[in-house]
Structures are given as C-alpha cells and as structure tokens.
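J.: Each chain is listed here by its residues.
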Amino acid sequence: MTVDRPDLSVSRDSGDDYPSYYGRPVIKEPVWSWEIPWYFFTGGLAGASSCLGFVAGLTGNRWLGRTARLVSLGAATASPILLISDLGRPDRFYNMLRVFKPTSPMSVGTWVLSSFGAASGIAAATDVLGILPRLGRVAEGLAALLGPALSTYTAVLVADTSVPVWHEARRELPLVFAGSSAASAGAAAIILAPAESGTPARRLLVGGAAVEVAASKAMKRNLGKLSEPYEKEEAGRYEKLSTALTIAGAATVAFAERRRKWTALGGALTLAGAAAKRWSIFKAGFQSARDPEYTLKHQRERLARRSTEGRRTETFGGNGRAT
Amino acid sequence: MSQNVIPGSGGTDAYDINGRKAAEAQPVIPLSQKSYEDGQPRMGFFTDTTVCIGCKACEVACKEWNDVPALPFELTGNSYDNTGALGANSWRHVAFIEQRKPIRVQDSGLEALGMPPSEDEFRWLMSSDVCKHCTNAPCLDVCPTGSLFRTEFGTVVVQEDVCNGCGYCVPACPFGVLDQREDDGRVWKCTLCYDRTKDGLEPACAQACPTNSIQYGPLDELREKANGRLEMLVEAGVTDARLYGADEEGYGMGAFFLLLDDPEVYGMPPDPEVVTRKFASLWGPAAAAAGAMALGIAAAFIGGAR
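Protein chains in written order, with this note's numbering: chain U, 1 to 323; chain H, 1001 to 1306.
Extracted from the complex, chain U is given alone in its bound form:
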C-alpha cells in the first residue's frame, strides 16, 4: 500500500531558487527605530553647518556665520536626545562614555558628537553674548574640524554591519551622506539667513544636492543586484521622494537668485529630500536583512567568484575535506 505523502522536494529551499531554512532571515533586522534616521539627518546638518559657519566667519560674512552656527547648535542639541531615546535603556546612556573603541563607529561617533556639541555650544554662546572671543574662535575651529566627521561617520556606522546593502555600499555611502549634509546645511542657512548674505549657502545647496544624487546613483550601480532593496517597498518610495525633492529644491534655488520666498521654498524641499534620503537608506537595510535572498545569494556568488579566481576553494561552501 502506498501512502500519499507531501512532496518534500522543495522543503529544502522553500520554493525559492536558492537554499534557505524555510525562507527565514539569516541575519537579524536592526532594532533601531525612527530616531536613528532623523539623527543621521540632524547630525549631518549640524556637522556641515558648523563648517559653513566657520568659513563664513573667516570671509567676513557675519550673518551667514551666525545663522549657520545656530543651526549647527540646534541640530547638535537634538542629536543626543534622539540617540538616547532610541536606546533600550536610555538611563544607561552614559555607559557609552566609559570606553573609547576605535573598532566601534558608534563609540567613535559618541566622542565626536560629544566634543562637537561642547565646542559648538561654546562657540555659539561666546558669539551671541559677545564674550571671550578667543575661546569662541578656538571652539568654533574645533567644531568646524569635527563637523565633516560628524556628517559622514554615520555612513560608516551602518556600513560596519552584516547588513549586505549597507556593508557593500561602504565605499559610496559616506559621499551620499556628505552631499546630503552639505545640501541641508545650505538649505537651513538659506531659510534663516538674510537673502543678501546667502549666496555661498545657495551654491552649497546646489553642489551638495548634485553630489547627493550622483553618489546615490553610483552607489546603486556598484551594488548591482544588492541595489534592489533601495528600489522597492518603503525604501524605494523614500528614494524616489528624496531624488524628486532634492532636484526640485536645487533647481528652485538655482533659478530663484535672491527672491526670498522662492529660495526658502527650495531650501525646504532640499531639507525634506535630505531627510528622505536617510530614511531610504535606513529602510533598505531592514528590508535586505529581512530577506535571506540578499544575504545568501550574495555570499554564494562571492564563494563562486573566489573559486573561479582560484583562491581558497574549500571553505564553508565546500565539504570541509581535502579534494
């Protein structure tokens, strides 16, 4: 007597064209919530604004300098609040300050953000109160020095994980973050500074937006198949939104010259585009971690490449024995 039995021929690979364990994810999705992409935005804005303020001060553009410094201080104040509120145990945030670990971008970032916050606070306070000008200048210089690091280390933070669409984008992500940060610093300064002192901010916005869009494109091209998560679901929607807003914002500012209402609108669009960019990257990481295809196929292809290149062929993909 034969008994009808379920067809198990596909149970090995859950119906996909690659083997997996019931289609379950191999790596864990990050546990970070909404605060983190917003922090990527505020941290980037703070870092680039401090730089903008510093150069404006050097060139004698006092209004632009003061505006950018205050934007920087505001964004730098929001940043740790966002970060601490994302912790599983916010009351233990100070444990970040018990070590300095160069192997941990989060530890490096903690110290960059802490020193940056202190420096930009001193710089803004001495500027507004008109006291201790020399201390203010030193603090401002320090903040301007740390600013670019603050704007870009967050790209290393996500790239230094086993999430394939982040890790494999490690060469391009920092430039995306840098362009986006520069554009948002220009945008915030345009909205808040008087129109007659805003020309460098307008140039910065247009240049930063161009870098942001071009670097994103290069990143997706180099990722090949791993660029898919950036194009679909939530990440894809944010990505399209970001590109549209950023290009529209930059175009508006480029053609608006000094017409205040139009430059402010362009600035607002660019800021929204920069925030959407961080959300797109953030969500793409989650989407790729959730889907074992991106972890497994990528690793299988890497093994196959390694074996055709004649390097170590017997690794985990082999049977562990001598051939």
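Accuracy of the hints is not assured; some may be wrong.
To be verified - A partial selection of chain U residues facing chain H, derived with a Cβ cut-off under 8 Å: (1) Leu52; (2) Val55; (3) Gly88; (4) Thr152; (5) His167; (6) Arg170; (7) Leu175; (8) Ser181; (9) Leu303.
To be verified - Between beta-carbon pairs, the in silico distance windows are: (10) U:Arg89 - H:Glu1064: 20 to 28 Å; (11) U:Pro194 - H:Asn1136: 49 to 57 Å; (12) H:Gly1304 - U:Glu309: 47 to 55 Å; (13) U:Pro133 - H:Lys1198: 55 to 63 Å; (14) H:Glu1098 - U:Glu233: 29 to 37 Å.
Unchecked claim - Computed list of chain U residues with no C-beta within reach of chain H, every gap over 12 Å: (15) Thr126; (16) Lys225; (17) Glu234; (18) Lys240; (19) Ala264; (20) Ala268.
Calculated directly from the structure, the hints in this document are not laboratory data. Here a beta-carbon is modelled for each residue, glycine too, at the ideal position from N, C-alpha and C.
Fit chain H to the known structure of chain U by using the hints.
T.: This is chain H only, laid out in the frame that chain U set:
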C-alpha cells in the same frame, strides 16, 4: 604522534579541512588560540549534527539554567521547529529539515518486523544552533559600551549590568544570534554558560544532550575529534558530511558544526565575514568624503562671500 595530528592521518589525509596536503608531523588545523590567561585553552562547542535526535533538551536546559524567558506559544508549521531562530530568548535553537534523500548506513529495522520497505528516500536533518563565539567577533568589535567582552575561555559574553540596549551588535552579527529583549531593552545571547565554565562545569546544553551531539571542551581537542568523526563518516560513504566553522583560517568559530548539507539549509550563512575588520574600506571613503565636504564648503565662497 603529536597531540595535534589527526590520528590515522597517513596517506589519505581525507580530513585536512583546508583542502591541502598536510604532512604527518604538522597540525592539520591551525590552532591559533585566543585567550587571556596562560594555560587556559580556548573553550568551545562542537555540535555533531549527525547524531542529533531533535529532542530539544539543549533548548530546555539552557532556558532552565540561564533563566531565559519562555517564547509565546506559536506553531511555525516548519517541521518540529517551533522555536524559529536564535534570539534574545532562545540561545539554543534546534533546526529540523525534511529532505528526499536516502539515509546512508542506517537500517530502520522495520523490515525485520514485517513492515514494508520504505519506498521513499527520506531523511531528517536536525541541528542545534548556538552563538559561534567568533575568533574575531563583529558584535564585540562594534559594542560601544564594552558590555560585550571576551572571557578567559575565549568566549564572548554580554555584561547585562553594562549593556544599554544600543542594538549595534544585532545587525553586526553575521549569524543573527543577538537580539534585544523587548520588555527589557538590553541585548541577550548565549554566554557559553560562563558561570558554569568558571567552576569547571560544562555548559547546560552540552550536559543535557543525550547523544553527545553537543560537545564542550578545549577547541583544539574538539577540532581533532571533529576531523576524526568526519573521516569516519566519509569512509562510511556519507559524502555529504562537512565541517562548518572549524577552520581558523576561514571564519574562526568557537562553536563549530558537522553538517550534512550546505550551511544555508540549516539557516547559517555560507560565507560569513568579519565585517568590522575592514578599516581601510570602511573609514577611508568616509575620510575622503569628509575632506571633500570641507573643501566643497570652502569652494562655495569662491566668487563672493555674500
């Protein structure tokens, strides 16, 4: 014969897992030890999945000893696996895989009892997964509080009184081992029973395992044992058998496995990487981008500072 040489390795050297010819006098597995104390060898797990019977005693013993909270009752429909995956509340996870493949060298004995011979080729793979206690652990590298640390046994442990739940280790782990406990906020994982090993006891899962599928001991001894077992299986015709994570030159694991199929069939990555050790390609582009941003900001003032 030196202790590091695989017993019986002469002409065949079928268990040189590096895929190289190894001379008799050389250790066939690089045995680089990572430990902080002289004389304390690196300890670990060898999980021989060929003798796993899927009893889940390891899962239960781990929960009991380490006071790991229960999972909400849920039927996955994936064979007998209702644990699903490793996580904050499951530090051992027994995987069940059903395949249309013959079991070799096994006689069910059913024909002797007058039952018809099986018409189908069918085999069940069972494997108890656990934290790999990596030689270069990405979770340990990225932890910004120093909560994760390497013990004198070479194992990787979270200090729960230090962890502030930043969650960085969760996506850093290439095996999806660590996770945040929702009502607690901190991250939890296998400690390789640090409290037991300090007292010279074996971890709860290894002690509870009725078939010795989970073996605990000095890693070099376990590797030697694993090579011997692999040789035995290969000679018996089990050509599917392979070691996963036993090779210190590849991705070094303090907990390694003897498997009967590709690692991804068991839910494990086929080519894990120590993502955190690529300093140049991680920080180099960031330094360049930071420099470019600073130059770009300065360039915005060319042709008029107002």
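J.: Now, for every hint given, state plainly whether the structure supports it.
T.: Now for the hints, and whether the structure bears them out:
1. At its closest, the beta carbon of leucine 52 of chain U sits 5 Å from a beta carbon of chain H; the interface hint therefore holds under the 8 Å criterion.
2. For valine 55 of chain U, the interface hint holds, the least distance from its beta-carbon to any beta-carbon of chain H being 5 Å, beneath 8 Å.
3. Because the beta carbon of glycine 88 of chain U sits about 2 Å from the nearest beta carbon in chain H, less than 8 Å, this interface hint is met.
4. Proximity of threonine 152 of chain U to chain H holds as hinted, the smallest CB-CB distance being about 5 Å (cut-off 8 Å).
5. Satisfaction of the interface hint for histidine 167 of chain U is found here, the shortest Cβ-Cβ separation to chain H being roughly 5 Å, below the 8 Å cut-off.
6. Interface restraint check: arginine 170 of chain U against chain H, minimum CB-CB distance 5 Å, threshold 8 Å, status holds.
7. Of the supplied interface hints, the one on leucine 175 of chain U holds, with its beta-carbon coming within about 4 Å of a beta-carbon of chain H, less than 8 Å.
8. At its closest, the beta carbon of serine 181 of chain U sits 7 Å from a beta carbon of chain H; the interface hint therefore holds under the 8 Å criterion.
9. Among the interface hints, the one on leucine 303 of chain U holds; its C-beta lies about 5 Å from the nearest C-beta in chain H, closer than the 8 Å criterion.
10. For the pair arginine 89 of chain U and glutamate 1064 of chain H, the beta carbons lie near 26 Å from each other, so the given range of 20 to 28 Å is met.
11. Restraint check, proline 194 of chain U to asparagine 1136 of chain H: a C-beta distance of roughly 54 Å satisfies the suggested window 49 to 57 Å.
12. Hint check: glycine 1304 of chain H to glutamate 309 of chain U, Cβ distance near 53 Å, so the stated range 47 to 55 Å holds.
13. About 59 Å separates the C-beta atoms of proline 133 of chain U and lysine 1198 of chain H, a value consistent with the hinted range of 55 to 63 Å.
14. The given range of 29 to 37 Å is respected by glutamate 1098 of chain H and glutamate 233 of chain U, whose C-beta atoms sit roughly 31 Å from each other.
15. With a least beta-carbon separation of about 22 Å from chain H, threonine 126 of chain U lies farther than 12 Å from that chain, consistent with its non-interface assignment.
16. Every CB of chain H lies more than 12 Å from the CB of lysine 225 of chain U, the least distance being 16 Å, so the non-interface label holds.
17. For glutamate 234 of chain U, the requirement that its beta carbon stay farther than 12 Å from each beta carbon of chain H is met, with the minimum near 17 Å.
18. Listed as outside the interface, lysine 240 of chain U is consistent with that label: its C-beta sits roughly 24 Å from the nearest C-beta of chain H, beyond the 12 Å cut-off.
19. The non-interface label for alanine 264 of chain U is consistent with chain H: the shortest C-beta to C-beta separation is roughly 18 Å, beyond 12 Å.
20. With a closest Cβ-Cβ approach of about 20 Å to chain H, alanine 268 of chain U is found to remain outside the 12 Å limit, as its non-interface label requires.
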